[in-house]
Structures are given as structure tokens and as C-alpha cells.
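**Student:** Given next are the chains, with one letter for each unit.
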Amino acid sequence: MAVAETKYLTEFYHLPEFKGLEGYKKNGGYKELVKALKMQPQAIIDEVKASGLRGRGGAGFSTGMKWSFLPKNNEPRFLLCNADEGEPGTFKDRMMMEKAPHQLIEGMIISAFAINSKKSYIYVRGEYDDSINALTQAIQEAYKAGYLGKNILGSGFDHDMDVYRGAGAYICGEETGMISSLEGLKGQPKLKPPFPAIQGYLKKPTIVNNVETLAVVKYVIRDGAAHYKTFGTEKSAGTKLFSLSGNVVKPGNYEVPLAFPMKDMIYGLGGGFKAGRKLKAVIPGGSSAPVLTAEESERATLDYENLAQMGTMLGSGAIIVIDDSNCMVQCLANLTHFYHHESCGQCTPCREGTGWLDKIVHSILSGRGRPQDIELLIKVADNMKGKTICALSDAAALPVLSFVTKFRDEFEYFVREGKSKVKGTAFAPKGDAHVGH
Amino acid sequence: MSDTNIKCTINGTELEVKKGMTIIQAMTENAQRIAHYCWHPGLSIAGVCRLCMVEIEGNPRVQIACNTVITEGMRINNTSEKVKDAVKWGLDFHLINHPLDCPICDQAGECGLQDQYMEYGKYTPEMAEKKQKKHKVVDLGPTVVLDSERCILCSRCVRFTDEVSKTNELGIFNRGDHAEIGTHDGKQLDNKYSLNTVDICPVGALTSKDFRFKQRVWYLKDSDTVCNGCSTGCNVKVYFNKEGLFRVKPNVNEKINGYWMCDEGRDIYKFVNREHRQLKGQKYGAGSWHEEVHAGVAAKDAGQFLQTAKADEIGLVLTGQHTNEEYEALLNTFVNTFKTKNIYHWWPQEPKAGEFDGLLLRGDKNPNTAGLKEALSKHGITAKWADLESGLKSGKIKQLVVIAPENIFAYNDMEQKAAFFAQAEHLILATSVKFPGLEKASLKIATIIPLKSYIEKDGTFVNFKGDVQKFKKATTVVNEALTGVELAQLLAGQNLQIEVVPTPELFKAASNTRKDQVTLDHRKKNEFVFNRGRL
Amino acid sequence: MFQLSEEGKQKVLAELKRYESRRSAVLPALYIGQKENKGHINSEVIKELSRVMDIPESQINEVFTFYTMYNKQKIGKYHVQVCRTLSCMLNGAEELTNHLCKELNVKLNEVTTDGRFTVSEAECLGSCGTAPMMQIADKYYENLTPESAMNILRGMK
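Protein chains in written order, with the numbering used here: chain F, 1 to 437; chain U, 438 to 972; chain W, 973 to 1129.
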């Protein structure tokens, strides 16, 4: 049986006209908004909760439950769409915003109606110029057509939406980091408690949801929670867009039901490897997810429980596939450099720890590793976990722990011989690769 | 269980705390030790140092104490191995890029990193990579020097300039471990409260230009007193040893100054040190200065002039710089014994007395104007300064007693006044500082009597609001100076025993030293080792 | 002395009114200032923005130094940012960067002698499926080879 995608959200993505309002409406656009505006807001929240929809940005928290944390009064609240897609390996939100901006907008208006929010922002990372333009135009079209603004479609519900451009900081993908950035500050995460649903943007109740999550809301309204649960498993309901990249022949975004076998993703949809290469490792959920060996990858299924049970996570659904021509030490050095560059610097374990890990791995990479460095990496990473304001520290520590544990032989070889077991050389340090940093 | 109090247990001790209190507040208010850097009771919560870890029963992970509100029945501890390990690693992360500057760093001896290292550290460091390089010896402004490598980015100073002084000079620039405190574009940290940032900096990143490299802090003793820089009356500590006084720091007083003091007040130790002081009594007559005399003798001799003079010929000049006890004694002598009402209030700051900068600084640069005014009114004194001017000009006032102010920075008209007061036939100048302008003034007959400064006596100040503050003697600087009370008694003709402190006993801490102060008495012999390298 | 054009100033003032908090305008304002100052921001730009917006300089500077898309030093007419993160590295990003630097005879982060290009490395740009790739002036160029990338650059005057 040929392995195929399930084009649920992405059903009409192949039509260029789907991007514009007319093409969107022709293919079912804004029908669900009409339906939702006739429902009770609480009913929408209940339906989303019942659907089992979990945050598609990485944390996987039940969306309906997050919405229900909001205060049950008339205090003004904000809906923020997290389009700061920065997790390495992830590029699904970009496709959604470029190809189907109205789908996101409709999902957002329905969600805003459900949580009684009169204002929403789409925080888009600064590099996504095409997405920003697409959304800006789509929002203008929506206002003109009466889907945004005062008394939407005569329902009495007012809603305004705007786009905010980020400026290059992975940490702004963290919900409170994003809120700080939207407030015009450095994108540094805020202490929790208080949680955003109680005190978020400008100290008002705020809900932060991922692009994909908000788009799904439209479909939960269209087909009902029960239908959404026919995809996936009990705890991992629905479909998800997975961003497949790395050494596969056919990288790209693929929508499949949750619990889809990883094997089928790599070899089926991904087309396997170039001649002479074979699978070595997979990072299943964005670079912050612990790495899986080839053997583990081939028996994994793409759902929250299975991957958690295997000691990793579904995360953002970014699947980075590494073949056997690559040196794991070099791959890890690439990631430690990333986290070192992206740490916001606010709290000490992350600020200093990401730098320390990066320096140790690069010492090993340049052939100057010491035997105690491997244990040191594990100790440092271990003590960066669970002690910081946000999860970037954990996100930096987990790859280090998993790479060193599962590919320890490569690290030991490098330290002992001063060169890579796979590539046969050391790698000279390049100095700081970023302009001005 | 009351509405506002809840019960909790911290390190085995049951405590009742106010609702809404965080764990760290409860611990610091109940004398429980907890490691921390970024938290400060006078600033907002940052939660960035991650050192104040506690274990809360029922919670698998350690939590920070500064941002966790206590709930009913919470059981908290910070003595378990889990917590100690978490703090040790938190400290380790602080130290991996920290330069080994202790030998040249002012903060040594009162450094947060040193303190926590002795308690939670003492491990073999494993950081073998190159440390981050940042800017050293950055001139931040007229009062503060920055060393970015030492900075642990606790953000206390930034929060201070945002929330307390509201001047927004400081910021944290760059991301990650390139982050540095600083001002932007050559701007200066130049506000009237800048030195508080040095106080609150847990490490030696911000140091005071005035104090830099002057003294090792473990050779200093500190004593509580009240600032005499203005009418706010901030509670302060003065630090001193045998070489003199070195610095002033604020003491916490929720009602009066909170946690802070102004920069002007930092200078109040300067006019107390010996180089500015009138050390011995002096007499001037027939065109020249005579041999120095003991203070008590000078006062007694001066008193004889006053006792035989007509009441109308006597004048007394007072400032708001002295204590209630001294005013009472002096007014008693002059009003009751000498029967004169020619008592004048020297108050050059009067036009600006109502000024207030919104935080602590007031325009009246005297600590006890209120006390003086009350004493004057109690004794029915209504004389005006103009009366003194006419009295001196006409020669009516022959014996003029001036109790000089000690804050020479706040009185910028002292030289003029020297010439003004010299008009009197006999000027009796009781002063703690060397009164500027005496050499140039055309003195006729003068008696100079050394006075004790505010830190050398017990006393009471009343601030602008009427708050009465008692303070105790901190130490002795001048061997034989008199208090105003002793002066009043001697002038009136009483016989007194005046204590003369022998020089080796100067600067010894007085009775208000805390019990936990290290006095280094057993190291007397080596206390001068630091004195410019001479053994 | 850097000064915003009248149009730029109006744009900044419009941003100040656009959001619930005036301070939110700092990020858009820095973009506007950067555009008018030939692609980079220095203390003069910050001073001017602070004056126009009435926001303390240090607050604007904090934001400026925090985010990567605000350039702290002069860059060439075209800022060639090659993604260096894992998926791109697995598909030859490093070779691509080295090739570009060699062909343009320029070191990383410096400006070519003709002032046209600066080559630097960026972290994950969200184009992992079309690696290796580069971003030049808000546009993505994907599925590159060393040769195809050089051809694109040669076409940029």
C-alpha cells in the first residue's frame, strides 16, 4: 500500500488561488466563521477541548484546556498567534501562512470569538517577509469583506487583528518571550506565575497559540470534535503537519494523522536516502528533542505518547534525518552553537551553560577535547535542566545529553584520536560567525 | 487563623506570615539564611540568578523562593542535599566566566560570590575553556566604575535606575553571554542616587570611585548613625578604622529612607576625618595666634569673659546641625545663666528649605532645624539675623559665641561669615571643622574651641517631618573635643572632667558596635600593614 | 548627523499610535531607521529615534542590541545570509558559504571591496526542506548549489 499524506488542513494548498479571499471562499472559506458566530462561545471551547487538539507549536498542551484558564469575567483579553517559527527543522507554519493566510485568520477569529477577545496579533518572525505580506494583505481583504472589525457579519462581535514583525530571536517563540517582544522590549521570557492566561500581554489575560493550532479550530467547527478524533489516537488526536528535512531525498511539509509510523515518513513520503547512504539518527520534534538512533527511529510512531515513552518528544513535528555520512559530534556542535547564540541571557544557568556546552563541544570538534569533557558535558547539561525561567535551557541540554549518551563512541573516538570517527579530520574553529554578535 | 496571616514551616520552624508574602521575604524576615543575588526587598522581582532554590514538600522540582507566594501549610526547606546541589551548580554557572579579580577587587570581603562559595561551593572548578571577555574599568560617570566581566547580570542596578531613581541610564545590552550592563553612547550614570547601585551590586562590578582601592573592608568597623546631610535624616552606617572614616552606607528604615540614601550624604564622613578637624583649642589676640590650649581650658577661659559681660553684649549663633541635647544645654546657659536673648539662627539654606526632589533629598541641608526651632521657640527667642548684623556693626554685641556648622559642603558662605563674625570684640568660635577664612578675617580677640562631630556623641535629631531619631556615638576622632553640652556647662562656669582619649585609642568602636563585628583587637600590631606597605 | 526623512518620521509616528503601548513601536521604528541609514544602525540613529519617539535611548539600545536582524556594523549593498543550522548543514551549507566567500574574495561578515556583498551566517531561517538556502534583502533563495548561488549573486548589481 503506497504511503500517502492525509490532506485535511492542506486539502486546497495546491491551488494558488486559495491564498486570496475569492479563491479561499470558493473552497469553503469563512463558512465556519458564520457557523461559529451562531454558537455559544463556551460551546466552541468545549468542542475544541473534546477534539483533543493539542498545541501544535511544540508544547503539546491541550488547547481547550488552555483557553479555559482565562478569567470568566469581561476583562479584555488578547489572542496572540505565535508565528515565530524558529525551532530548527520547522517550516510548516511558513507554508501555511504563505499558501493559506485566510485559513489562519478564520481560525483566529473563531478562537477569538470563543474566548471573547476583541484584539489579536499575529507575531511573525522578522525573516518571513512573504508570510508577513501575505497576512497583511489577507487581513485587509478580511476587513473589507466584513470578517474583521465592528459587528462581524452582524453578530455583534467586534474583533481587530494586526501583524507584528519580529526581529530575529528564537527565544521570541517562547510564549512570554513573544509577549515581551510584542510589548516593545527585549524578547526575554517572563516569570511564571503569573501565567499568561491570567496576566500576559500588558498584564492582561492572553492566550498564545501556534499557527497550525488556530487553523485546526476551523475544522473542529466544520466537522465536529468526534470527526477530528477519528484521526490519530485517543491522546494524540487529529492530523499534524510534519516538516521533514535533512538527508532524505524528498524533504518537505507532510500532513499525516498522528501515530503515523516514522518509518513510512522517512522511506515512504521522504523517499529514503541517496544511493549508498543509510539512516543513522533522527531528531523527531525540532532540534530540542532528544535524538533517536536508527533502530529507535524505525520503530517509532509520530504521536505524543510513543515518543515521550521513548525519551524524546513530538515537539513542533520537525523531523531532521541524519544519514551515516555525518559526524554526530559535528552535528551536536552545530546545535550547541545555535543555543549559545539564541540564549536571551536573562538567567544564569542558561546564559553561562549554553556558552560552556558550546565551548566544550567545539574543543572536542577541533581536536582539543579532554577525556573528562564527555562526563562534564553530561553534568553541565543535567544541571541546566529544570532550573530556569523558560525551557530554552532544557532545550539546549537535551540534545547534548542524548547525543553524548547514544553516540558516545563517536565522542570518545574524537577525544582520543583528535579527529572525527566518520569524517577522519578535526574541524578548525571558525570564530564568531554572526555579524556584530 | 486570622484573615491576613497564614502558617507555614520553614526548615523545621513553624512560622506565621502575612498573606501574599513570598518565601524569600518570610525567610529573610525570620533570620533564615537563603542564598540570593538578584532579589532585593526594595526592588521588583527578577528571578534571574536562580540561586534562591528551596524544596517545597509535594513539588518534585526545586523552586525559586523569590517568586513563590506562601500558601497555607507549605513546608519549605533549603537545607536538603538536593537544594545544596542546586545552589552549588547555580553558583558554578555564575563563576565559570567570572575573572579571578579578588586580589584587586574592592568587593572582596563583602562579595556575594565569595560568601556563597564558602557556604555552598568549595568544589574543584571544571571550566577549562576560554572565559568571555568584556569591558573592564568602564567610566560610568562621576561616581561609579564598571567592570563588566565581574558583573553577574543580576539586573539590580538596572531595576534601581528604572524604578527608584527613575533616570533610566542603565540597560543590559546584547544577548546571551555577551550581555553587558552599561549606559548608552557615552551617557553617564549621573543621578543623585548613583552610589546606591554600588551598595546593591552583589559583586565588584560597580565600585565607588571615592572608595576605590582605599581600604580592605575587613579592616573596617561599622556603626549606625543618622545622616546629617539634610533634613530627611536617613539612617546610615559609617565605616572606619584607625586611619579614619572611609565611607557611608544606608541603613534600612521603612519610614524614613527605605533602603536608600543620596550621593550627597555619602560625603558626610569627609568633614569628620582629622584632616578637616579643629584638633586643639586656640587663642588669638594682639595680632597673632598664641600657643594651643586644651579645649576645656579654652572653653573655661572664654566662659569667664561671658560670665562678667553684660547680657546685652552677648550673642549666640546656632545652626540646625547640632543635637536637641546640645541646644537645650546651650540655650539654658545663655538664656537662664547669661540672661541674653540675642540668639541667632544661621540658616543660609532657608530659601531652598522647602525643596524636595521627590525621593530623599531636601533643600534644608541641616539634620535638626526642627529641633533648633522648637528649642528657640520654647525659650522665647525671636531675634532676627538682621539684629545680629546691626549689633555687630554698631559694636553693641561684644562677645559673640558661634557654634559652627560641621558640614562645610553645605555651608558655602563660611569664609564670608568668618569676616562677618570677626567684627565682634571677642569671637568665641566653637567648631568641629577647621573654620575656613579665619586667617583672612581681621580677628580682634578670638577663642577657638574644638567640638565633637555628630558621630562622636550620643544625640537626637528631629527631621523635617518631626520624626525624632536618637543615635549613639560611633567612635572618637579628635582626642579632646567637647560636645555642645560640655561647652555649655564650661561656659557657664561649671567645673567638668573632660575625657581626653589618647591617640592609640582613637577610632575604636563605641558601645553601639554589633556583637558580630570583627574588631581585630588581637591583630592591633598588624592593622597598619596595609598602610602603604610599611610594616 | 542622522535624521529621519519626513516620510520615515511619519511612519514612526504612525507606529507609535498603532499598538496598545507606545513602546511596541520600538521594533518597527528600528527597521525604519535601519532602512534609511543604508542597512545598519549606529548610535546616531538611536539618538534620532529616541528624539522622535520620546523614549529613552538606553531602552531603544537594549532592543537594538538584542535582536539579530538589526545590523550593528556596515554591510554591503546586499547582505547574503546563508543558513547554517543543522538541516542546512546536512545539505552542504558550510561548503556553500566557503564557496561564496572564496568566489567573492571576502571574509565572513566583512564587505567586498566593491561594496556589493557581505556574506554572513544566519541561524535557522525556516526553510529546512529546501536546503541549502540563503536570504538576501528579505527574499529567500532556496535549493541552492554553490554554482547556482554564485549565479544569483552575479546577477545582483
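It is possible that part of the hints are untrue.
To be verified - Pairs of lysine-lysine, BS3-like flavour, derived with a Cα cap of 25 Å: (1) F:K430 to W:K1046; (2) U:K629 to F:K385; (3) F:K385 to U:K707; (4) W:K989 to F:K144; (5) U:K559 to F:K379; (6) F:K385 to U:K573; (7) W:K1046 to W:K1079; (8) F:K379 to U:K519; (9) F:K204 to W:K989; (10) F:K385 to U:K568; (11) F:K423 to W:K1074; (12) W:K1111 to F:K99; (13) F:K49 to F:K118; (14) W:K989 to F:K430; (15) W:K1044 to U:K624; (16) U:K629 to W:K989; (17) F:K118 to W:K1044; (18) F:K119 to W:K989; (19) W:K1044 to U:K570; (20) F:K430 to U:K567; (21) U:K519 to F:K385; (22) F:K72 to F:K250; (23) U:K692 to U:K907; (24) U:K902 to U:K821; (25) F:K31 to F:K150; (26) W:K1129 to W:K1010; (27) U:K707 to U:K525; (28) F:K119 to W:K983; (29) U:K567 to F:K419; (30) W:K1044 to U:K568; (31) F:K192 to U:K624; (32) F:K430 to U:K568; (33) U:K525 to F:K379; (34) W:K1044 to U:K573; (35) U:K570 to F:K430; (36) W:K989 to F:K203; (37) U:K521 to F:K379; (38) F:K430 to W:K1019; (39) W:K989 to W:K1019.
Hints were generated in silico from the structure; no laboratory data involved. Everything numeric in this text was worked out from a predicted model, so none of it was measured.
**Student:** Each of the hints needs a verdict: does it hold here or not?
**Tutor:** Right, here's what the structure says about each hint:
| no. | hint | verdict |
| --- | --- | --- |
| 1 | F:K430 to W:K1046 | holds, 21 Å |
| 2 | U:K629 to F:K385 | violated, 42 Å |
| 3 | F:K385 to U:K707 | violated, 51 Å |
| 4 | W:K989 to F:K144 | holds, 22 Å |
| 5 | U:K559 to F:K379 | holds, 17 Å |
| 6 | F:K385 to U:K573 | violated, 32 Å |
| 7 | W:K1046 to W:K1079 | holds, 14 Å |
| 8 | F:K379 to U:K519 | holds, 15 Å |
| 9 | F:K204 to W:K989 | holds, 19 Å |
| 10 | F:K385 to U:K568 | holds, 22 Å |
| 11 | F:K423 to W:K1074 | holds, 23 Å |
| 12 | W:K1111 to F:K99 | holds, 16 Å |
| 13 | F:K49 to F:K118 | holds, 22 Å |
| 14 | W:K989 to F:K430 | violated, 44 Å |
| 15 | W:K1044 to U:K624 | holds, 19 Å |
| 16 | U:K629 to W:K989 | violated, 34 Å |
| 17 | F:K118 to W:K1044 | violated, 38 Å |
| 18 | F:K119 to W:K989 | holds, 15 Å |
| 19 | W:K1044 to U:K570 | holds, 19 Å |
| 20 | F:K430 to U:K567 | holds, 15 Å |
| 21 | U:K519 to F:K385 | holds, 14 Å |
| 22 | F:K72 to F:K250 | violated, 48 Å |
| 23 | U:K692 to U:K907 | holds, 15 Å |
| 24 | U:K902 to U:K821 | holds, 24 Å |
| 25 | F:K31 to F:K150 | holds, 19 Å |
| 26 | W:K1129 to W:K1010 | holds, 16 Å |
| 27 | U:K707 to U:K525 | violated, 41 Å |
| 28 | F:K119 to W:K983 | holds, 22 Å |
| 29 | U:K567 to F:K419 | holds, 21 Å |
| 30 | W:K1044 to U:K568 | holds, 23 Å |
| 31 | F:K192 to U:K624 | violated, 34 Å |
| 32 | F:K430 to U:K568 | holds, 17 Å |
| 33 | U:K525 to F:K379 | holds, 13 Å |
| 34 | W:K1044 to U:K573 | holds, 21 Å |
| 35 | U:K570 to F:K430 | holds, 18 Å |
| 36 | W:K989 to F:K203 | holds, 19 Å |
| 37 | U:K521 to F:K379 | holds, 16 Å |
| 38 | F:K430 to W:K1019 | violated, 34 Å |
| 39 | W:K989 to W:K1019 | holds, 20 Å |
Taken one by one, the earlier hints fail for this structure at numbers 2, 3, 6, 14, 16, 17, 22, 27, 31, 38, listed in ascending order.
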